[in-house]
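This is what each chain is made of:
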Amino acid sequence: MSMLTMDQAVEEALFEEMERDSRVLTMGEGVVQAWARLRDNFGPKRVRNTPLSEGIIAGTAVGASAMGLRPVIDMLCAPFLLYAMEEIVNSAGKLRYLSGGQFSFPLVVIAGTGVAFSLGAQHSHNLEAWFAHAPGLKVVIPSSSAEAKGLLKAAIRDENPVLFFRDFLLGRTPGEVPEGEHLIPLGKAAVAREGQSATIVTYGRMVLTSLEAAATLAEQGLSVEVIDLRTIKPLDEETVLASVRKTGRLVVVHEASRSCGVGAEISATVAEKAFGALKAPILRLTGPDTPVPASPALEPFFAPAAPQIVQAVRQLVG
Amino acid sequence: MSMLTMDQAVEEALFEEMERDSRVLTMGEGVVQAWARLRDNFGPKRVRNTPLSEGIIAGTAVGASAMGLRPVIDMLCAPFLLYAMEEIVNSAGKLRYLSGGQFSFPLVVIAGTGVAFSLGAQHSHNLEAWFAHAPGLKVVIPSSSAEAKGLLKAAIRDENPVLFFRDFLLGRTPGEVPEGEHLIPLGKAAVAREGQSATIVTYGRMVLTSLEAAATLAEQGLSVEVIDLRTIKPLDEETVLASVRKTGRLVVVHEASRSCGVGAEISATVAEKAFGALKAPILRLTGPDTPVPASPALEPFFAPAAPQIVQAVRQLVG
Amino acid sequence: MSLSLPELLRRMLLIRTIEERLRALVRESKAPVTSPTTGQEAAALGVIDALSQDDLLLTNHRSMSHLLSRGADPRRLLAEIYGKRTGYCQGKSGFRHISIRELGVMLTSTVVGAELSMAPGVALALAMQDSSAIVACFFGDGASCEGVFHESLNLASLWDLPILFVCENNQWQWNVSRKEAQAAARISEFAAPHGIKSQTVDGMDLEAVREAAQAAVAYVRKERRPFLLESVTYRLRGHNSIDPQSYVGPEELAAQWARDPLHLLSQRLAQAGVVSDEARAQLQREVDAEVDRAFAFAQESPFPGPEELLADVYA
Amino acid sequence: MSLSLPELLRRMLLIRTIEERLRALVRESKAPVTSPTTGQEAAALGVIDALSQDDLLLTNHRSMSHLLSRGADPRRLLAEIYGKRTGYCQGKSGFRHISIRELGVMLTSTVVGAELSMAPGVALALAMQDSSAIVACFFGDGASCEGVFHESLNLASLWDLPILFVCENNQWQWNVSRKEAQAAARISEFAAPHGIKSQTVDGMDLEAVREAAQAAVAYVRKERRPFLLESVTYRLRGHNSIDPQSYVGPEELAAQWARDPLHLLSQRLAQAGVVSDEARAQLQREVDAEVDRAFAFAQESPFPGPEELLADVYA
Ligand SMILES: Cc1ncc(C[n+]2csc(CCOP(=O)(O)OP(=O)(O)O)c2C)c(N)n1
Ligand SMILES: Cc1ncc(C[n+]2csc(CCOP(=O)(O)OP(=O)(O)O)c2C)c(N)n1
Ligand SMILES: [Mg+2]
Ligand SMILES: [Mg+2]
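Residue numbers (our numbering), protein chains in the order written: chain S, 1 to 318; chain G, 319 to 636; chain D, 637 to 951; chain Z, 952 to 1266.
The following block holds chain S by itself, in its conformation from the complex:
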């Protein structure tokens, strides 16, 4: 075990995979500075600064991955992905299918997510739901440095295009990370905390907020289960449904806006497949359907906070 921030864990995962597999290369604006250790060890051919051109960065990853390379591109902030949607969604997500399986696209797109540092809506915009809605892509969002390492290593080894969202705040938060070969399979959620009377399904930084709420509820004598999805797509329905069948109550928590978000998908899945087990309405605590404000006075109100989660759970069991 070593203590690493999520950003350090990402670099460690990249380092190990680049050492393991010479086909892995990284590209992006400033990756040479961000991942100096990679540049020093693997050289300029495999760690490439790019022009400020998100479209061609993603398109290049698509072309390179079809040829057998395993590119990892850093798009910095999720909203910058909007210049690369054509390449990620129309090309990487569809050309395997449209070609009758002639090509595969083992690439990873890293993008920063989360409401932080008064960045405002053009840097802070949680977009994971979009990539879950589009076909042919996988989506992961770690909630800790250890998850970041394990999920990124698994994403790099996956044969499909994977969106890897890195939370800005967690990026600077230290946490224990297993040394060496630490892999977390895509598509498997984790039970972050076991409980009996209600289930909280969440992911990314909201896992910490939810665990905080669960601790408070425990003091109040309420045992709550917290599920950390880890992978948004493919979704680990089994784990979610099993928990809800046990507790009968569900609160979904995420920072992204509400309409057509991941919370809607979780809620709808449960309302269809575990309806009989439900003892109460399914609640969603999410970011509002607004852009993210930059003012430090407004920013803290965007994401759900622990007290709201506590209140929501109490409302369900009340």
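What the hints contain is simulated information worked out from the structure, not anything from laboratory work. Because the structure is a prediction, the values reported are computed rather than measured. Careful, some of the hints might be misleading.
As the list claims (entries may be wrong) - In silico DSS-like links for lysine-lysine, alpha-carbon gap of 25 Å or less: (1) Lys597(G) with Lys273(S); (2) Lys981(Z) with Lys363(G); (3) Lys363(G) with Lys471(G); (4) Lys564(G) with Lys246(S); (5) Lys815(D) with Lys1148(Z); (6) Lys1130(Z) with Lys1148(Z); (7) Lys279(S) with Lys363(G); (8) Lys858(D) with Lys833(D); (9) Lys564(G) with Lys273(S); (10) Lys591(G) with Lys273(S); (11) Lys45(S) with Lys1148(Z); (12) Lys153(S) with Lys45(S); (13) Lys833(D) with Lys1173(Z); (14) Lys246(S) with Lys153(S); (15) Lys858(D) with Lys1173(Z); (16) Lys597(G) with Lys246(S); (17) Lys597(G) with Lys279(S); (18) Lys858(D) with Lys45(S); (19) Lys363(G) with Lys815(D); (20) Lys564(G) with Lys279(S).
As the list claims (entries may be wrong) - Looking from chain Z toward chain D, a few residues come up when the C-beta cut is under 8 Å (computed): (21) Cys1096; (22) Val1099; (23) Gln1133; (24) Glu1140; (25) Pro1144.
Stated by the list, open to error - Between beta-carbon pairs, the in silico distance windows are: (26) Trp1208(Z) with Arg37(S): 28 to 36 Å; (27) Met637(D) with Glu238(S): 21 to 29 Å; (28) Arg563(G) with Pro300(S): 34 to 42 Å; (29) Arg663(D) with Arg355(G): 23 to 31 Å; (30) Arg355(G) with Ile878(D): 44 to 52 Å; (31) Val317(S) with Gly539(G): 36 to 44 Å; (32) Pro300(S) with Glu1053(Z): 26 to 34 Å; (33) Gly419(G) with Pro296(S): 15 to 23 Å; (34) Pro307(S) with Gln1150(Z): 46 to 54 Å; (35) Ala218(S) with Ser980(Z): 29 to 37 Å; (36) Pro174(S) with Glu1131(Z): 46 to 54 Å; (37) Ser955(Z) with Arg37(S): 49 to 57 Å; (38) Ala1169(Z) with Gln689(D): 53 to 61 Å; (39) Leu946(D) with Glu1053(Z): 38 to 46 Å.
In this text, a Cβ means the ideal position worked out from N, Cα and C, and glycines have one as well.
Chain S is fixed; fit chains G, D and Z with the ligands onto it per the hints.
Just chains G, D and Z with the ligands now, with coordinates in the frame of chain S:
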């Protein structure tokens, strides 16, 4: 009343609004040919063919609308919007908010949607859920020529950016359209058919498929209510909730892929706000989480069909 | 490939014959809609003839000339167009995005500009694998209106990528004339500011295209640097096989048909005594027979089964 | 605006003083992070001085010089940077996307390239309203790597839009050197293929920039055609106010500081006897006092209330 295809109804709405308001102009690849009547009547300044550059088409609409013009841009097919996400989502959707309300963006983006004509996944991709998830935008999808006219006229008069999705098949289907001033307010759903034992919530072309299913069910003695959302965002929760409170059963139907689609949002909203009224699980019938195949042998299996809807409703009431 | 002039003529006849047959059949709804390359055969064939077998191609929605020039089997090609299981993409693609990996035809997209966004990655892989192969990226004049065209040129120049950018400037972007869409006089002029060499050639003259392409290919292969070749050609048919071209002036169209690359080549080979009119008539008969067989194969081939809807989404 | 040389010097002092103050305060966490325009004051001021009041501007994340040159109130500007209700955007923006409609500063986006995508629409509106005003679109060398730069140039040329494209080529794109990101020698060279006139000027020399800008503005206003002006300047500070610039060579940085536009102008005005050293010291004292008041206003201003989170999403 006159019989018009949806495409003709769109042109009629544009004609009337351009006549009414000299600030309205249309831009896009081939609009001069697509809307020859507009070009003939309103001239080259207000009906502009553009370069094959979706990004700048959308960006130009953003800039022009902030200046008080009311641009309507035709992006042809929804997947081509992927070149314009930055302009639509980061600029049109966020710059009013980030500027503290200094600007508004009264623009309309028209895009073709739906699985049709063996076009394949790069022309056929239903993306309405994305724009519902992003802040600051409105989304409408008509299910008939009359709705197309009424919703487009209302969208052009709206002070906000509106995505207007035009179904390819309905585009060529004739239907009765009221002459002149026919407006359908954004944010209001329609009860396309009244019923007691179950509610089908749907939109766009799937309204026709759902009504077909409802007719079959009626013959079988089952009265089903069909709700035509018309506007995807802002969502008319009241109408949906009122219907489910009456029937106690809900099937959501759309052609778009399942994960994080509009159906998930409807289901989650009901599972939270009308849970007490639910007598059965909420079912979603949607397109699969796959790209759209071009083969005429596969294309018909993508969208939900009437028999599946019939079966789903019977399962709920069974 | 360096094919003989008679063989080059045969391929042009094959392309023309298949596309005109498709246009005839679509009117009787006996064929799917396609996007004819009629008029652009020389621009495609001249470049592809200058490539070697291990070079890679990217094309787009208007690919018939590229695919057949490269040696695609007309039977599997038509089967794909008909959406049949025996097609190169198992029927999933239809005509719009046909890629044929076994022939080095990579990653075809029908989204205009996508060929340009993917080409650098394909070339980067060749560079990192120390291959001597190069990438030929075929795109239209309309694609050069998409910003990603410039991003692609910049990256190719910056990273020394072996890409032959081939712009088939056919003067049309769907029903919009290039002049209405682009201020630039020549598309090749966009290369220089990015530090890329370029040339503009008469795309109706097969031998001129081939000569220019041979020089360009040699440059890209030797220098491992990009090059932009613009072929000035013309879309003699509509945007697709059911487009009546009502927006094209009849005089303009007539003038362009007078430049028909197939006619030009036939004439020249006849005059040079390389392929006599009789020999050409014989070639045409052989081609007709081959095309008959190909259409029969495509029409009689089985469709994919419904289970295919869910196949090949993920690897 | 055609300000007097002493007033131009005063504005440069004001910009420099505010930004250096912000850099000092951010270290004590008494100010938010910002992106200094230090080194680029002349490139901004020289152009904005050549504009008239009814002309419109688009800027980006590095806007301090543009906003203060245009006459923004330092108090409301700093209040916005601090996220206060009294800021130009009611605190919603922070420093990254400050637009000031009352000064004609439109639609500021922090997404690189967005200024270029929105400028044609602003200019189109002016054209359709038969206004004599023009649009000045300020962007960085990095923005010229985004494809939309070329889409913007093409449309502006094609539609005769009155846009003065102003590239502040400061040699850096965050921590990436321009040479590592762009093959082009000069960004102004991208104009010609689109049929647009251009000029490259020394962005450190206020009078040179102003002279070039006056000619460019006159051309755009009279011809109703776009023009591309490239100012060769340098980002003397980090990408943002906490960036140590560790990736910049010390000799290079020293050499560039020797070109400091504020120093150059002060020197020139002193030598010409227009603004003596004493007069400049006096100007500096006035500026310091103004800046003190502005920071006090910003720091003491109220924050927006929580209800503001949901305000101004829709019109
Ligand atoms: C991004 C995008 N926009 C629009 C279309 C619709 N479309 C298909 S082909 C075409 C014209 C393309 O012109 P060009 O690039 O010159 O190729 P050509 O058809 O002339 O071969 C258009 C507008 C598309 N497929 N992709
Ligand atoms: C589309 C996009 N990509 C990346 C960023 C992150 N970013 C902010 S400023 C910047 C550098 C911009 O360089 P340039 O355009 O030269 O402007 P400068 O900062 O030098 O003034 C980068 C990469 C962004 N804001 N938007
Ligand atoms: Mg063309
Ligand atoms: Mg710069």
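Quiz item: Checking against the hints above, which ones are violated?
Solution: 2, 4, 7, 11, 13, 14, 15, 27, 30, 34, 36 and 39
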